[in-house]
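Peer 1: If you want the building blocks of each chain, they are given just below.
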Amino acid sequence: MNGGMSIIVKTVTRFVYALIIMFGFYVIMHGHLTPGGGFQGGAVVASAFALVLVAFGTAGLKGVLNRHLLQSLEEVGALAFLGLAFAGIGTAFFYNILANSGAVFGKTDPAVLASGGLLPLMNWAVGLKVMTGIVSILIIMIIGSREEAVE
Amino acid sequence: MKRALTVAAFLLVAAFLVVAATTMRPFGEPSHTEMDDYFLANCQTEVVANNVVTAVVFDYRGFDTLGEATVLFAAVVGVLALFRTVREDER
Amino acid sequence: MILGQMPFVVSALLVIVGLYALLFKRNLIKMVIGVSIIETGVNLFLVTVGYRTGGQAPIYTYSDPVAFRVLPTPQALTLTSIVIGLATTALLLSFVVFIHRHYQTLDAQKIKELKG
Amino acid sequence: MNALLHHAPVLLVAVPLLGAFAVPLLGKLGANVRRGFVGLIVLLTTAIAGYLAASFYAADASPIVYVLGGRLPLPSGMVAPIRIMFEVDGLSVFMILITALAALAAVLYTSSYWKQRSGGTLKDSLMLLLIVGIFGMEMTGDLFNFFVFLEITSIAACSLVGFRVWRGQSQEAAFKVMTLYTLSGLFVLLAVGLLYGQYGGLNIAYLATMVGSGAAVVDKIALALLLTGLAMKAGAVPMHMWAPDAYGEAPGAASIVLVANSQASLYGLFRVLFTLYGNAYSPQTIAWILIALAVVTIIVGVTMALVQRDIKRLIAFGAVSQIGYMMLAVGVGFAAMTALEPSSFGFVALQGGLFHMINDAACIGLLFLAAGIIIRRAGTRDLQGMGGLAHEMRWTTAFFMIGAFALAGMPPLNGFASKLMIYESTFKFSPVLAIIAILASILLLAVFLRAFQAAFLGPQPEGANASQSVPASMLVSMGLLALVVIAFGLFPGFFVDKIVTPAANALWNGRDAYIQAVMLGMGG
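Protein chains in written order, with my numbering: chain A, 19 to 169; chain B, 19 to 109; chain C, 6 to 121; chain D, 14 to 537.
Derived by calculation from the structure, the hints in this document are not laboratory data. Glycine residues also receive a C-beta, built at the ideal position from the N, C-alpha and C atoms. Treat the hints with caution; some may be incorrect.
Covered stretches of chain A, as calculated for chain C (at least 3 residues, CB under 8 angstroms) [as the list claims (entries may be wrong)]:
#1 44-54
#2 148-162
Computed list of lysine-lysine pairs in DSSO-like fashion (alpha-carbon distance at most 27 angstroms, straight line) [stated by the list, open to error]:
#3 K20/B to K117/C
#4 K511/D to K30/C
#5 K35/C to K189/D
#6 K35/C to K20/B
#7 K115/C to K35/C
#8 K20/B to K30/C
#9 K30/C to K117/C
#10 K115/C to K30/C
#11 K117/C to K35/C
Assemble the whole structure, with the sequences as input and the hints as a guide.
Peer 2: Next comes the structure, spelled out in structure tokens:
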């Protein structure tokens with residue numbers, strides 16, 4: 019697992035992984051307009067990192083992604099989502115205060131990017147949470163099972 | 019004995035599921051759609067989102083999504099806890 | 006009658022296949038796969054429940070604003086249950102890794118230490 | 014209505030959730046900061062629960078509806094609820110009190126338990142998540158939301174069961190429990206899908222008005238799936254096999270929260286039977302199925318406890334048998350309620366069953382906490398390798414004795430108070446059932462006397478590590494539970510009047526109020 023796969027896989031991975039990440043971010047960003055959303059986009063981004071892990075082995079992510087940083091980011095994403103849910107507590111938990119407000123995400127035309135109120139923000143929070151969560155599960159499990167081989 | 023019971027339970031559940039699938043309301047013709055029609059009709063004005071599914075996921079049923087994020091968080095914490103480094107003296 | 010209800014029946018069959026794998030297979034990985042298949046069956050069932058004959062996807066971007074659409078709620082529920090399934094599978098597989106580490110086998114019959 | 018009371022139901026979930034998310038971040042600041050934070054969060058949660066309960070009982074005990082993300086349960090002109098709701102009635106408040114008690118005891122106990130151990134941060138986070146899930150299950154008024162919280166408890170509980178990774182048995186138990194929990198969750202989800210497909214709604218109150226108006230077969234299959242799934246998770250025979258493994262392998266303080274988790278599943282079972290399917294059929298059959306399962310559960314639990322040598326598994330089988338008592342009482346109550354002429358002893362049975370839930374949480378919890386200390390001191394779980402602990406652990410000995418006597422139904426402790434109500438009402442319903450229940454209790458007493466004698470009396474075996482003293486926080490935690498056991502035993506009438514009767518009322522004739530609180534659109 020450490021050495022990774024053949025040169026073909028490595029080269030193709032170098033070409034596509036940035037594209038996959040970009041597509042994932044696109045899916046998260048347009049979650050309230052087109053099919054997709056935080057979960058789907060987050061999973062797409064995580065799949066890019068999974069590809070890198072498979073192609074290059076765990077060495078491929080060394081220095082790029084720190085496990086502790088990932089976990090902190092995941093907690094930040096979760097807290098941000100909870101915070102956004104708390105934002106509407108003046109009326110009710112999860113009340114969408116930004117929708118139709120005319121402010122940042124409060125445009126009243128549903129077809130533009132800056133609409134949907136809290137929806138785009140929640141999409142980003144959940145997207146961050148899902149991608150870091152899945153990548154950390156992957157990394158932990160790969161490192162864990164490698165230790166097993168050593169034992 | 020135990021195996022016979024397992025087989026019986028399996029056959030019972032299987033029969034239940036097939037009966038439920040065949041006696042359900044006809045496929046493609048839901049009879050009570052008030053809730054979903056409300057989402058389809060009002061999501062563009064209330065939530066101002068074109069994607070009704072996202073509006074349901076994050077607004078009308080946002081609390082489920084928080085629970086779902088919590089489930090994922092719990093799984094990550096659980097996997098972390100399993101693969102943590104355990105000190106020798108606590109075994 | 007059966008033919009018209011085919012999508013429901015297929016998802017029920019998927020659940021039954023998964024249940025079979027869970028109950029009658031001895032390999033732990035196969036049991037996890039069984040759980041996964043049941044999850045798939047249930048998710049498929051949820052999606053089929055939300056279908057309306059001739060309906061379009063419930064998304065207004067670039068589509069006819071007055072079109073007839075399928076129900077959005079089951080799709081949201083499915084999304085939730087897919088993520089829950091992912092979390093469950095990850096945890097189950099971690100347990101399998103550790104069971105293998107302790108007992109050097111994946112055969113459920115050989116690892117019955119907890120009795121009664 | 015003031016703002017805090019208005020938001021209390023959701024804060025009860027949101028506060029521990031915030032704690033669970035923030036604990037791993039705060040854990041980086043050091044163990045003392047983290048422990049203080051967790052303690053603060055749990056105290057806050059308990060305070061909210063207590064406040065909610067106090068104001069609920071002070072008011073007219075009508076259901077509280079909290080709409081998430083909106084103002085009113087029903088938008089104008091709608092016949093079906095749109096948003097997720099919390100609906101808190103007498104039964105929910107009662108369950109909240111049980112969970113808060115268990116959570117407080119567990120966190121107090123754990124605050125010193127894990128000092129020299131790894132993964133304390135993760136364990137605290139998982140405990141808080143488990144508490145979140147249990148509170149959510151007990152308050153939600155939405156069937157799919159119930160499933161989501163069910164899964165939160167499943168995953169957090171199984172991670173805790175597998176927490177002692179160096180024990181092979183704990184991994185095996187965790188795998189077994191996780192498979193069963195997942196299966197039970199999927200059964201519930203399948204039933205939710207069936208009901209949604211038939212009636213196009215997910216709100217329990219809405220579905221309760223609709224059940225029976227569609228295909229009767231599908232309703233019955235959904236009911237069967239719900240009952241199977243929830244009974245599986247509550248640990249009733251024949252799906253009880255996971256319970257001793259889970260209780261036995263989980264860290265000491267987690268066991269008590271797991272008991273609360275099983276009771277939350279039992280709550281779901283009652284909610285489905287009495288509210289969702291309250292008057293759909295003539296459910297004598299269901300009542301008898303429940304009673305039959307209960308009797309088998311009692312017998313199997315007690316007989317299996319007889320042959321155990323592992324102290325935690327012994328207590329765990331005791332816990333399984335107690336689930337049987339609750340189901341027996343509620344089954345009798347349900348049978349009496351749905352009989353042609355409802356008789357008043359059914360209400361007493363319900364009261365007894367519900368009262369037994371809080372008593373069981375207190376005394377089983379006390380036993381598990383005491384067992385944790387015993388195992389740590391004796392260095393083994395095997396009863397035959399223990400002995401003579403009474404000489405140096407007077408408090409633990411006393412607490413274990415209180416818990417064991419209460420569980421076996423000795424007066425004047427709380428187990429006697431609730432079991433007496435169950436015996437009385439069951440005897441009027443069917444004397445045979447009552448005799449079985451009484452005999453099982455006597456056997457249970459024998460089991461615990463044997464365990465007590467083995468662990469505390471006699472000579473101390475060689476090689477026991479006698480130097481460790483029991484930390485004060487553990488004694489405080491056990492003292493809290495012992496106080497509950499004794500107080501409920503001495504003044505049962507007061508507590509039955511104050512907290513049990515509203516809960517029993519909610520089951521017995523609170524169905525219409527539960528439905529109307531949502532369907533008439535008067536939330537707030």
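Peer 1: Taking the hints in turn, state whether each one holds.
Peer 2: A quick look at each hint next to the structure:
With 3 residues carrying a beta carbon less than 8 angstroms from a beta carbon of chain C, the segment 44-54 of chain A meets the three-residue requirement, and the given coverage holds. Coverage of the segment 148-162 of chain A by chain C holds in this model, with 5 residues showing a Cβ closer than 8 angstroms to a Cβ of that chain against a need of three. Among the hinted pairs, K20/B with K117/C is consistent with the structure: their alpha-carbon atoms are about 15 angstroms apart, no more than 27 angstroms. For the suggested pair K511/D and K30/C, the alpha carbons sit about 51 angstroms apart, so the restraint of at most 27 angstroms is broken.
At roughly 14 angstroms between alpha-carbon atoms, K35/C and K189/D fall within 27 angstroms of each other, so this suggested pair holds. Distance check on the hinted pair: K35/C and K20/B sit about 21 angstroms apart at the alpha-carbon level, within 27 angstroms; holds. The suggested pairing of K115/C with K35/C holds, with an alpha-carbon distance near 15 angstroms, which does not exceed 27 angstroms. Distance hint between K20/B and K30/C is fulfilled; the C-alpha atoms sit about 15 angstroms from each other, no more than 27 angstroms.
Between K30/C and K117/C, the direct Cα distance comes to roughly 15 angstroms. Compliance with the 27 angstroms bound is thereby established for this hinted pair. Taking the CA atoms of K115/C and K30/C, the gap is about 13 angstroms. The hint holds against a cut of 27 angstroms. Simply put, K117/C and K35/C have alpha-carbon atoms about 17 angstroms apart, close enough for the 27 angstroms limit, and the pair holds.
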